[in-house]
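Residue numbers (our numbering), protein chains in the order written: chain A, 84 to 583; chain B, 9 to 375.
A portion of the hints provided could be inaccurate.
[Unchecked claim] In silico DMTMM-like pairs for lysine to aspartate or glutamate, Cα to Cα no more than 20 angstroms straight-line:
(1) A:Lys405 x B:Asp229
(2) A:Lys447 x B:Asp229
(3) A:Lys270 x A:Asp248
(4) A:Lys414 x B:Asp229
(5) B:Lys287 x B:Asp229
(6) A:Lys407 x B:Asp229
(7) B:Lys342 x A:Asp142
(8) B:Lys231 x A:Asp390
(9) B:Lys205 x A:Glu460
(10) B:Lys348 x A:Glu140
(11) A:Lys309 x A:Glu288
(12) B:Lys232 x A:Asp390
(13) A:Lys93 x A:Glu151
(14) A:Lys414 x A:Asp390
(15) A:Lys425 x B:Asp229
(16) B:Lys348 x A:Asp142
(17) B:Lys140 x A:Asp390
(18) A:Lys261 x A:Glu206
(19) B:Lys287 x A:Glu432
(20) A:Lys93 x A:Asp109
(21) A:Lys391 x B:Asp229
(22) B:Lys232 x A:Asp411
(23) A:Lys556 x A:Glu256
(24) B:Lys342 x A:Glu140
(25) A:Lys156 x B:Asp345
(26) B:Lys140 x B:Asp229
Please keep in mind that the hints were generated in silico from the structure rather than gathered at the bench. Computed from a predicted model, the values in this text were never measured in an experiment.
The primary structure of each chain is shown beneath.
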Amino acid sequence: MLSEIILKMKGINKSFPGVRALHNVDFVLRKGEIHALMGENGAGKSTLIKVLTGVYEKDAGQNILDGESVHFKSPQEALNNGIGTVFQEIALCPNLTVAENMFIGRNNNNFVHWKKMNTRAEEMLDSLGIPASPTQELSSCSIAVQQMVAIARAIDMDCKILILDEPTSSLDEDEVQKLFALMRELKARGVGIIFITHFLDQVYEISDTITVLRNGELIGEYQTSKLPQIELISHMMGKALSDVSEMKKQDQHKSGSGTPVFEATALSSAAGVRPFNFTIEKGEVNGFAGLLGSGRSESVRAIFAADKVTGGEIKINGKKVKLKTPLDAMKNGIGYLPEDRKHDGIIGELSVRDNIILALQVMKGFFRPFSRKQAEEFANEYIQKLDIRTPSTNTPIQSLSGGNQQKVVLARWLLTHPMYLILDEPTRGIDVGTKVEIQKLVLKLAEDGMSLTFISSEIDEMLRVCSRLIVMKDREIVGELSGTNLTEQDAMLMIAQGGK
Amino acid sequence: MLRLKAYVNRLSHLFLPLSVLALLIIINLIKGADYFSITMVNGAFYGNIPNILFGASELVILSIGMTLVTAASRGQDISIGEIGAITSATFVLYVLNAGNVTVWTILVGFLISCVVGIIIGAFNGTLVSVFKVQPMVATLILFLGGRSIAFMIDGKVSPILANEISNKIGTVIPGIPIQTPIILTAVFIAIVAVVLKTTNLRLYVESVGINPSAVRLNGIDPKKIIFLTFLIMGVCSAVAGFIAVNKAGRHDSVNILKFIMMDAILAVALGGNSLAGGKFSISGSIIGAYTIEMLNRTLLRLEVNPEAIKSFKAVFIIILMVIASPVVRVLVGKVLDRIKTFYSDRQTDGLNNAAVSITGATGKKEE
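Go ahead and model the full structure; you've got the sequences and the hints to work with.
Right, here's the structure in full:
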């Protein structure tokens, strides 16, 4: 594969106050290539993209596009020069139509030619095989289609480079395949695609080349077919191969001690989950498996009373209790780390310290604030325990990397010493290293007697930590897997067949 | 050194109001060096500074409430002047009907007006927190109707508060050299400081303003906190109304605390607070409120035509807001950074070159 080079970044340096984000990084993209940019959180992937597209100004280095040195001052300018970018969060307007979303802010004249815009949009959607109509409201499309519309928006007729930053993190398997089909189509047209993701399997499925960054430095460029997964992980983490494989083997399942700590009978909530029964034993780690939208999150939200509970009975340590609000659940020793970290987890502008003490402080009460010293102690204790990388306890949580933000939210719940902790997608969108750390932590907590529910859309991750899987489909529990049946095939089969 | 830096950082949000304050002082000193002179008249301090402290009393108290409402509800209460008009009307009604006026009469009247303030705050708070009406729209109701309610309570045009105690509250208590409204404001600020110290009001209000849905999952009910800030706003309005009516000596339901919400919102903004909620600084708002009062008086002192004062104030505020805007702040930061790196580059040039060659070598090895 020695095709023509369209982009060459040479010796890129970029520093932020106190941090060196990129140091002498080179990057090469060829025509018709899908190039995965890999690295843990904070490795510098996003910074590199932002330097390229003109969001940040680089301190040193050169960007060469089609043989010409270029210097973009804004993403708009980059787009006009054939570099389209789709960021992780879909930045579209759900209440506008598909065509409006594709052309908003792009028409050069101040008046919109509705007819022209719609026909042009139709052409583009057709040629890319996106199943949407231009006049349809965007919110009526599935998330995958919305993602594709975002891509259609990013690529113009003469698009040379498409950058996809974590495009698949909110898609299910089927939708990912649709997205991949679109990427292959673009590849065939000669578009160079830079693909950032945390899903290793997806990298191997679609990419031709992998560039690994670590701590702002280039580790190397590899051909995907010649780089075993385990080696890739070791490059990303900077650890020797033996360490990584050892971690993979750590298949110690935690099953409970036999005494149930939490029992729910016919529990249902306003979020639309069918009445279900659920039990967890002391020291047990179990999980809810199922596709996106199968009701996994809704079920645990019902347990935590995060949605309005409409029926059912709950026993904690054998005693009947009523949980009406999250505070009731918290007071009964339940913790809940929500799926959407940004929207439901962190309090962005508040300090790491305040974010850590929040839940415990709320349980202690409005009129009994912790002293500054006490709060500082709590924060420092967990910063050390969970190895949270933060400049200080005073730093606003939003300026930390995703993995560290997640650790802070985790610390918040660990500080309350819950007897039952629910983790909904705790490892989503965070780097491999932190992922493994969190998995290890879950197993250790269970060993110390805590009961945990661990939900992940990566089923092999759940198989690694859970001793029992509750399989859900269409907002209903369809079965349970444990012991020798606890394999990926069995889980898939159960989801596919709907149990029984 | 580090501690000093952290301390400076913590005070950085006060940069804007303090620099404006300094600017105003300079202007005033140029106009006449006797600006700070304080004289004793009838056993009380008299001069520009006491006048500013005296004149800003109501505004300071209201800006405290406005800060909390803004932080939690991400919107503003525009009915505060009208709430003050209603609560002070009930105060006057009670005092005038009491016959013999003692300190107790005044105190009970004041407490009744506070209760009325809380009830009105509950009304606004319910609209905002339960019915999710935009704060400005919800409070527009009383902004429009409040003064006629106050008028109806008065029953006649401008009832007069002709008693000795009210006079003392509005001006000075013999033997104490500081005007009473200044003392009352100081006491109010002290109470607020104690409340912030002994409760989690700050943590809860800021969290609710930043991310209500995350806060809910941590056991805080955002509705209750937003409701609470409106209750506090009601109390602030009642206290401000109490001071205003005692200062004036009569209840003029048309003009009392008129358009003060504009200055209160401005004080919040001037104090470095985001009008979109979240983290807040009450000290910033307080300094902002005094700054506004000082601005008003400076313009008077510069003999600006009274008709033109409002437009002068507007121009001043525009300049201020542009200087304080994030855009300018980033620009200044960039310029400072460039100067800094220019100097540090010169110093560490040799060192950096060495570091580059080392990392370059390890990079190759790993490939």
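Verification of the supplied hints:
For the hint pairing lysine 405 (chain A) with aspartate 229 (chain B), the CA-to-CA distance comes to about 18 angstroms; that is within 20 angstroms, so the pair holds. Distance restraint check for lysine 447 (chain A) and aspartate 229 (chain B): the Cα-Cα separation of roughly 15 angstroms lies within the 20 angstroms cut-off, and the hinted pair is therefore satisfied. Proposed proximity of lysine 270 (chain A) and aspartate 248 (chain A) is supported: the alpha carbons are some 17 angstroms apart, at most 20 angstroms. Between lysine 414 (chain A) and aspartate 229 (chain B) the alpha-carbon distance is near 15 angstroms, which keeps this suggested pair within the 20 angstroms criterion.
For the hint pairing lysine 287 (chain B) with aspartate 229 (chain B), the CA-to-CA distance comes to about 18 angstroms; that is within 20 angstroms, so the pair holds. Straight-line distance between C-alpha atoms of lysine 407 (chain A) and aspartate 229 (chain B) comes to about 12 angstroms, which keeps the hinted pair within the 20 angstroms bound. The hinted pair formed by lysine 342 (chain B) and aspartate 142 (chain A) meets the criterion: a straight-line CA distance of about 13 angstroms does not exceed 20 angstroms. Restraint check for lysine 231 (chain B) and aspartate 390 (chain A): satisfied, since their Cα atoms lie roughly 16 angstroms apart, inside the 20 angstroms limit.
With a C-alpha separation of about 19 angstroms, the suggested pairing of lysine 205 (chain B) with glutamate 460 (chain A) holds against the 20 angstroms cut-off. Only pairs whose Cα atoms come within 20 angstroms are accepted, and lysine 348 (chain B) paired with glutamate 140 (chain A) is accepted, the gap being roughly 17 angstroms. For the hint pairing lysine 309 (chain A) with glutamate 288 (chain A), the CA-to-CA distance comes to about 13 angstroms; that is within 20 angstroms, so the pair holds. Restraint check: the Cα-Cα separation between lysine 232 (chain B) and aspartate 390 (chain A) comes to about 18 angstroms, which is no more than 20 angstroms; the hinted pair holds.
About 13 angstroms separates the Cα atoms of lysine 93 (chain A) and glutamate 151 (chain A), which keeps this hinted pair within 20 angstroms; it holds. Proposed proximity of lysine 414 (chain A) and aspartate 390 (chain A) is supported: the alpha carbons are some 17 angstroms apart, at most 20 angstroms. With a CA separation close to 19 angstroms, the supplied pair lysine 425 (chain A) and aspartate 229 (chain B) stays within the 20 angstroms bound. Restraint check: the Cα-Cα separation between lysine 348 (chain B) and aspartate 142 (chain A) comes to about 14 angstroms, which is no more than 20 angstroms; the hinted pair holds.
Restraint check: the Cα-Cα separation between lysine 140 (chain B) and aspartate 390 (chain A) comes to about 19 angstroms, which is no more than 20 angstroms; the hinted pair holds. Only pairs whose Cα atoms come within 20 angstroms are accepted, and lysine 261 (chain A) paired with glutamate 206 (chain A) is accepted, the gap being roughly 19 angstroms. Only pairs whose Cα atoms come within 20 angstroms are accepted, and lysine 287 (chain B) paired with glutamate 432 (chain A) is accepted, the gap being roughly 7 angstroms. With a C-alpha separation of about 5 angstroms, the suggested pair lysine 93 (chain A) and aspartate 109 (chain A) falls inside the 20 angstroms cut-off, and the hint holds.
Note on lysine 391 (chain A) and aspartate 229 (chain B): the hinted pairing holds, with a Cα-Cα distance of about 13 angstroms set against a maximum of 20 angstroms. Straight-line distance between C-alpha atoms of lysine 232 (chain B) and aspartate 411 (chain A) comes to about 16 angstroms, which keeps the hinted pair within the 20 angstroms bound. Of the supplied pair hints, the one linking lysine 556 (chain A) and glutamate 256 (chain A) holds, its CA atoms being roughly 15 angstroms apart against a limit of 20 angstroms. Simply put, lysine 342 (chain B) and glutamate 140 (chain A) have alpha-carbon atoms about 11 angstroms apart, close enough for the 20 angstroms limit, and the pair holds.
Proposed proximity of lysine 156 (chain A) and aspartate 345 (chain B) is supported: the alpha carbons are some 19 angstroms apart, at most 20 angstroms. The hinted pair formed by lysine 140 (chain B) and aspartate 229 (chain B) meets the criterion: a straight-line CA distance of about 14 angstroms does not exceed 20 angstroms.
Every hint from the earlier list agrees with this structure, and none is contradicted.
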